[in-house]
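When you number the sequence shown by my numbering, it's gap-free, plus one each residue, and the end is 519.
Any given hint might turn out to be false.
Here are the computed lysine-lysine pairs in the BS3-like style, where the Cα-Cα straight-line distance is at most 27 angstroms [stated by the list, open to error]:
1) 440 to 415
2) 443 to 346
3) 444 to 503
4) 439 to 415
5) 499 to 415
6) 415 to 443
Just so you know, the hints here were simulated from the structure itself, not pulled from any lab data.
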Amino acid sequence: MKKYFTPNWKINSIYNITAEDLLNHGYRAVIIDLDNTLLAWNQADHTVEMAEWMEEISQAQIKVYILSNNKLQRVARVAEPLKIQYSANAMKPFKKSFKKAVDHLAVPNEEIVVIGDQLMTDVFGANRFGLDSILVRPIASNDIIYTRLNRLLEKIIFKCVGIDRHADWGETLDD
Numbered sequence: 345m346k347k348y349f350t351p352n353w354k355i356n357s358i359y360n361i362t363a364e365d366l367l368n369h370g371y372r373a374v375i376i377d378l379d380n381t382l383l384a385w386n387q388a389d390h391t392v393e394m395a396e397w398m399e400e401i402s403q404a405q406i407k408v409y410i411l412s413n414n415k416l417q418r419v420a421r422v423a424e425p426l427k428i429q430y431s432a433n434a435m436k437p438f439k440k441s442f443k444k445a446v447d448h449l450a451v452p453n454e455e456i457v458v459i460g461d462q463l464m465t466d467v468f469g470a471n472r473f474g475l476d477s478i479l480v481r482p483i484a485s486n487d488i489i490y491t492r493l494n495r496l497l498e499k500i501i502f503k504c505v506g507i508d509r510h511a512d513w514g515e516t517l518d519d
């Protein structure tokens, strides 16, 4: 169980991850969750912070793919203005959605990292597919109903894998 739910890194926010961090660890592509990773789940449009972070990543020639379990309309509204490739209704952690993202990115698996805020979908899916993962703290302190159920299970899994969910996870990948 531990190998499936343990991320390679834990960090307080996706916005603390720099393009330089990713490149220094050998990553040329990222698969990123949307809700509570890049934006609060109830934020309708992308933020300035998100646009600036995406620009930094793009300038470093790191490929980006948003993989979200949310509805097409929600994901498209955020991703399309920033010209980011995406999949909605992804049904993470199933392998099929990760395969689609990996195929689109067209780089070796060892050069791709998955970034998300949930052990049950993002980390588990990445580990099942053989991808590295970065767990970030959720942006919003509350969740929609189906995510709340995942969070209850996550509390148990955090204990089983030895992650203190209340600890400071650091500001860089090297913390």
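Here is how each hint holds up against the structure:
{"no.": "1", "hint": "440 to 415", "in the structure": "holds, 17 angstroms"}
{"no.": "2", "hint": "443 to 346", "in the structure": "holds, 23 angstroms"}
{"no.": "3", "hint": "444 to 503", "in the structure": "violated, 32 angstroms"}
{"no.": "4", "hint": "439 to 415", "in the structure": "holds, 19 angstroms"}
{"no.": "5", "hint": "499 to 415", "in the structure": "holds, 26 angstroms"}
{"no.": "6", "hint": "415 to 443", "in the structure": "holds, 19 angstroms"}
Figure legend: structure checked against the earlier numbered hints; the only hint not met is number 3.
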